[in-house]
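Trainee: Put chain B on the given structure of chain A with help from the hints.
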Amino acid sequence: VKAVRVFQLTTLALVLVAAVQVGYWLFDQRAFTVETVSAQREGYAEQLAAAQALLDAGVPAARVQTLLPKIRIAAGRAELDPVVAAGLESLERRRIRQYAWEGAFFLFALGLCLAVIARALRAEAKVLEEQDSFLALVSHQFKTPLASLQLSLETLALRTPPPEQARVLTERMLADLARLELMVTQILESARLERGRVDFKSEPLQLAPAVQHVLAHLEERIRGARAEVTSRIPSELYVVSDPLALDVVVRNIVENALAALAGGGGRVELSAHARDGEVELEVRDSGVGFAPADGARLFEKFTRLHPGGGGGYYGTGLGLFIVRRLMQLARGRVSAESEGPGKGARFLLAWPQAAAERP
Amino acid sequence: VNAPAAQVLVVEDDPHLAAGVAENLRAEGYAVRLAADGESALRELAAASCALIVLDVMLPGIDGFAVCRSLRERGDNTPVLFLTARGDPQDRMRGLESGGDDYLAKPFHLQEFLLRVRAILRRWDWYRGASATAATAVLRFGGNEVDFRSFRGRNWNGEVQELTEKEAMILKVLAESGGEIVSREDLLEKVWGYDVFPSTRTVDNFILRLRKRFEADPANPRHFLTVWGVGYRFLAAGEP
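Residue numbers (our numbering), protein chains in the order written: chain A, 402 to 760; chain B, 870 to 1109.
Isolated chain A (complex conformation) (with noise of 0.2 angstroms):
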């Protein structure tokens, strides 16, 4: 990265110098145009009394002619051939319209050039602020999890707790250390999404097994958080995604409803229907809901509306922002929308329509 700053910082310090080398050497041909040209006409000025004077001095005219043949010799008096004249005038002339448009086009070129290399400069700069911004946040993400963690053990080694205590502590490290794994799997899937580094297969795939093999696989969870689950997904229904990102995206939507119960129970919804050559999957909770405003946030990374999570569930800030991610991948699309605070929160899912009678 150094290399390259240094690269690109002598590029931009050589552009720069050779327009001002450019701009002088215009200058100077320009002057020294003029000079040529102005001691041309002191020569012939010369030769013109010269002239005079040999006339003058009865030298006659066809001698005076041969001897200075620039100068014309008409009824005893000397004066410039007019066409030596107009050739210096326009040689002067052509000169100097000749460096105002060459001078004009390099000092363009050279000022394109340190445009583009400038704004490439800012976008790196940019990037670089991304990145940094990121790295802090997720340098947060993995810090909150370790404190409690190093607080939970240096707690059991300081005081000795009673067992039952000691329980507390022990599950409450457990769910960190799960945090923390959680956190490492999206953090690595969110990279790789964010460098477009995924093997994306488009397939049909049908839509209702898949969303009862992620609540099968949320069966504890969903008993966790007391949580009352119905699915009503038509068999018929096909979507063109890939079947690993089809999982992911529906498991984090109906963790994130189980999240939003914030262990108080209550419903989540799950319906399916076709339209517009897509299929749409609505996924209700009854849960903690969000400001209106707050729906397209929501998708973006770290953000964490609710960041005591709900009955010790911690979210990370990814999901949805990989949800997100995945679904433009499978040119879906995925919204939230949330009548407020505590009135519960709907998701909507979209994925192009497969044909149902494809394999």
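Because the hints were derived from the structure by calculation, they are not lab data.
Fair warning: this is a prediction, and the values are worked out from it, not measured in the lab.
Among the hints, a few may not be true.
[Unchecked claim] Residues of chain B clear of chain A, computed beta-carbon distances all greater than 12 angstroms:
{"no.": "1", "residue": "A887"}
{"no.": "2", "residue": "A916"}
{"no.": "3", "residue": "R938"}
{"no.": "4", "residue": "T953"}
{"no.": "5", "residue": "A954"}
{"no.": "6", "residue": "L990"}
{"no.": "7", "residue": "E1014"}
{"no.": "8", "residue": "R1023"}
{"no.": "9", "residue": "E1028"}
{"no.": "10", "residue": "R1102"}
[Stated by the list, open to error] Pair ranges (Cβ atoms, derived):
{"no.": "11", "chain 1": "B", "residue 1": "G930", "chain 2": "A", "residue 2": "L557", "range": "32 to 38 angstroms"}
{"no.": "12", "chain 1": "B", "residue 1": "E1054", "chain 2": "A", "residue 2": "E621", "range": "54 to 60 angstroms"}
{"no.": "13", "chain 1": "B", "residue 1": "G930", "chain 2": "A", "residue 2": "G666", "range": "25 to 31 angstroms"}
{"no.": "14", "chain 1": "B", "residue 1": "T1002", "chain 2": "A", "residue 2": "P562", "range": "41 to 47 angstroms"}
{"no.": "15", "chain 1": "B", "residue 1": "S918", "chain 2": "A", "residue 2": "P753", "range": "57 to 63 angstroms"}
{"no.": "16", "chain 1": "B", "residue 1": "R991", "chain 2": "A", "residue 2": "L536", "range": "36 to 42 angstroms"}
{"no.": "17", "chain 1": "B", "residue 1": "S918", "chain 2": "A", "residue 2": "P742", "range": "24 to 30 angstroms"}
{"no.": "18", "chain 1": "B", "residue 1": "R943", "chain 2": "A", "residue 2": "L529", "range": "22 to 28 angstroms"}
{"no.": "19", "chain 1": "A", "residue 1": "L536", "chain 2": "B", "residue 2": "P929", "range": "37 to 43 angstroms"}
{"no.": "20", "chain 1": "B", "residue 1": "G1047", "chain 2": "A", "residue 2": "Q566", "range": "25 to 31 angstroms"}
{"no.": "21", "chain 1": "B", "residue 1": "M962", "chain 2": "A", "residue 2": "S672", "range": "49 to 55 angstroms"}
{"no.": "22", "chain 1": "B", "residue 1": "H978", "chain 2": "A", "residue 2": "P564", "range": "24 to 30 angstroms"}
{"no.": "23", "chain 1": "B", "residue 1": "P1087", "chain 2": "A", "residue 2": "P742", "range": "52 to 58 angstroms"}
{"no.": "24", "chain 1": "B", "residue 1": "A916", "chain 2": "A", "residue 2": "K602", "range": "25 to 31 angstroms"}
No residue lacks a Cβ here, since even glycine has one placed at the ideal position from N, Cα and C.
Mentor: Chain B alone, transformed into the frame defined by chain A:
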């Protein structure tokens, strides 16, 4: 009979960390209240004061620095111990500038945390105790007047002076010294604790601020005198 337990408000959005901190503080004999974000912390404090605030920096909504600043703006001088995931020096300085008393980076050591809590409370106990009676609550010198309970004063020129807690504490330490020399290290230890600030230069800056507030000619101080190479001496009567 024991004195009533000191109240500590823990403002932390992470439930595990909040629970862990609260359990340990309770085990040490403090009474603990919890708040999960900045707004509810401010509400809690408006309802009832406490002896110390343990304040996380990265909170949902308004962050810890802003919470501390708005506390100080409304004249609440409750000591604040910042807990934060960022431990770089600039962040540390920001925390202390926003009115914090101490700063601890996550993950932290439990015993160090408890030690710091104790140190802050001890400093404030001393300050409050030393400003408890009518005689010690108000300091008068050279036409200046400072009330240590309200952190407010009036200088020789009649201008009202709102002191920060650190300025008030330094002034208190100096005033208590009875004209003896107080070293920079002593001031650091008594006002900040051990390793919060990187250098004793900080003390010098605070002395400059006090001179600007209360000296008729800050360049030629009569009350806040420098003792070269050692520290400071405060003369209430003014240098003859």
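Trainee: Each hint: holds or not?
Mentor: Hints, one by one, checked against the model:
no.: 1; hint: A887; verdict: 9 angstroms, violated
no.: 2; hint: A916; verdict: 21 angstroms, holds
no.: 3; hint: R938; verdict: 21 angstroms, holds
no.: 4; hint: T953; verdict: 8 angstroms, violated
no.: 5; hint: A954; verdict: 4 angstroms, violated
no.: 6; hint: L990; verdict: 19 angstroms, holds
no.: 7; hint: E1014; verdict: 45 angstroms, holds
no.: 8; hint: R1023; verdict: 44 angstroms, holds
no.: 9; hint: E1028; verdict: 42 angstroms, holds
no.: 10; hint: R1102; verdict: 43 angstroms, holds
no.: 11; hint: B:G930 / A:L557: 32 to 38 angstroms; verdict: 33 angstroms, holds
no.: 12; hint: B:E1054 / A:E621: 54 to 60 angstroms; verdict: 58 angstroms, holds
no.: 13; hint: B:G930 / A:G666: 25 to 31 angstroms; verdict: 26 angstroms, holds
no.: 14; hint: B:T1002 / A:P562: 41 to 47 angstroms; verdict: 43 angstroms, holds
no.: 15; hint: B:S918 / A:P753: 57 to 63 angstroms; verdict: 60 angstroms, holds
no.: 16; hint: B:R991 / A:L536: 36 to 42 angstroms; verdict: 38 angstroms, holds
no.: 17; hint: B:S918 / A:P742: 24 to 30 angstroms; verdict: 29 angstroms, holds
no.: 18; hint: B:R943 / A:L529: 22 to 28 angstroms; verdict: 39 angstroms, violated
no.: 19; hint: A:L536 / B:P929: 37 to 43 angstroms; verdict: 21 angstroms, violated
no.: 20; hint: B:G1047 / A:Q566: 25 to 31 angstroms; verdict: 50 angstroms, violated
no.: 21; hint: B:M962 / A:S672: 49 to 55 angstroms; verdict: 54 angstroms, holds
no.: 22; hint: B:H978 / A:P564: 24 to 30 angstroms; verdict: 25 angstroms, holds
no.: 23; hint: B:P1087 / A:P742: 52 to 58 angstroms; verdict: 53 angstroms, holds
no.: 24; hint: B:A916 / A:K602: 25 to 31 angstroms; verdict: 57 angstroms, violated
The structure is inconsistent with the numbered hints 1, 4, 5, 18, 19, 20, 24, although it conforms to all the rest.
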